[in-house]
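Asks: Residue numbers for the sequence shown follow this note's numbering, beginning at 39 and rising by one.
It should be emphasised that the hints constitute simulated quantities derived from the structure, not laboratory data.
Watch out, some of these pointers could steer you wrong.
[Unchecked claim] Simulated DEER-style distance windows between Cβ atoms:
| # | residue 1 | residue 2 | range |
| --- | --- | --- | --- |
| 1 | 141 | 423 | 53 to 59 Å |
| 2 | 306 | 216 | 24 to 30 Å |
| 3 | 197 | 276 | 15 to 21 Å |
| 4 | 419 | 202 | 35 to 41 Å |
| 5 | 124 | 53 | 20 to 26 Å |
| 6 | 124 | 147 | 15 to 21 Å |
| 7 | 147 | 202 | 19 to 25 Å |
| 8 | 329 | 284 | 17 to 23 Å |
| 9 | 280 | 311 | 48 to 54 Å |
| 10 | 392 | 302 | 28 to 34 Å |
| 11 | 275 | 315 | 25 to 31 Å |
| 12 | 216 | 51 | 37 to 43 Å |
| 13 | 197 | 124 | 29 to 35 Å |
| 14 | 194 | 140 | 20 to 26 Å |
In this text the structure is predicted, and so the values were computed from the model without any measurement.
Virtual Cβ for every residue (Gly too), placed ideally from N, Cα, C.
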Amino acid sequence: MAATRPSGEDSRPFMFTLIGIGAASTAAHLGNNFTTYLVGGLIDRYQFTPFAMGAWNMAETLSYAAAMFLIAPRARQLDARVLALVASVLVVLAQAGSALTGNFALLFAGRIGTGLGFGILNSAVNLAAGRTEHPARWISLGIAFQTVLFAAIALGLPQVGASHGVTGMFLALGGISALLGLMSLLLPGGKDLTGEHVSKPNPPIGADGLRVLTAMALFAFGTLALWPFIERTANAIGVPATEFGRYQSLATLASALSTAGLAAISTRLTRAVPMATVLGACGIACALLTTVGTAPAFAAAFIGYNVSWFLTYPMLLGLAYDCDSSGRLAVMTTGTWLLAQSFGSLAAGAIAQGFGGYAPIGPLGALTCVAAIAVAWPLARRFDKDPAKDRSKAAVTTH
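Can you build the whole structure from these sequences, using the hints too?
Replies: Written as structure tokens, this is what we have:
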């Protein structure tokens, strides 16, 4: 027998939930969005190789994924607010420690620390959203909130780097994490102790869950392989870090508008066609990012990439919630994203070092987006035809 999702959150002020989920989502994705500046700063200061920096980034994303996979089986027994607080302390300490050293082994250990913290934070976001009536809608709202803050950070962080180097950027990111950690205390708290879940083990994810995980893995591997080196890619065609920061600010603002729009209409959308459209757009943008040779073309591709990526992510998470509304599969799906990104960044570092440039990486992203569409399409079409999955008519239930 299905048990309805807890309705206690319905009485919470909208802004409390928005700020809590938005702040925690922002904190959880600081590494994914701004490690690229640290990569560039460390290469400039210590002359680390692209392969070494790919491995350095991989340490963060693998730790991120590990944290999420560890949390997923225990999802219903954990308090999202407590998770966010513990994670924020861990991230702040790791960023501050990294600012004090130029030793690669210690920097590597610092990435493991931030990765674990980011993974715990993202788990908190997924769990909090999963305990609301419309999880995918709240994920989209959180991303919209996040991208507005990222627009300001993208303008300020390169200026900090220009004035105070990579040390200043580590400290700035640590300070931002501390502030966001305090804001994350507004997350919906408590544990999910409804229905029969308390005494029963977690069910297997099944074929549908495996299909969602595979689609996310393909999407993340290809589209995020380039991300740690994206600032270097821009630099290779004559775009300095400060100008790249302006591009990123514009791209994140555009993403905020698009994800806010998605949140507004998400309960009325079908799944398959919108998902395939944004996945295809993301693949095209990836291919352009490493093959165009002018700053305006790069800026346009970068904006298109950001917008399409931030639309695709909640759509794939929406499929995960359709399969398992408890939030466990959603946590696993995000963990799979980070696991795939980890190997993608390592592969990108090897490709860049082996080919002497980043050009082959973008088309690789286009191919994996096409593969992700092929994997997710049958499931999305089936949910579109299932009245029980009609988000505009049916209440979300836990299974």
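Asks: Let me make sure I understand: some of the numbered hints might not hold for this structure. Which ones are they, in numerical order?
Replies: Numbers 2, 4, 9, 10 and 12 - these are the hints that the structure violates, sorted from lowest upward.
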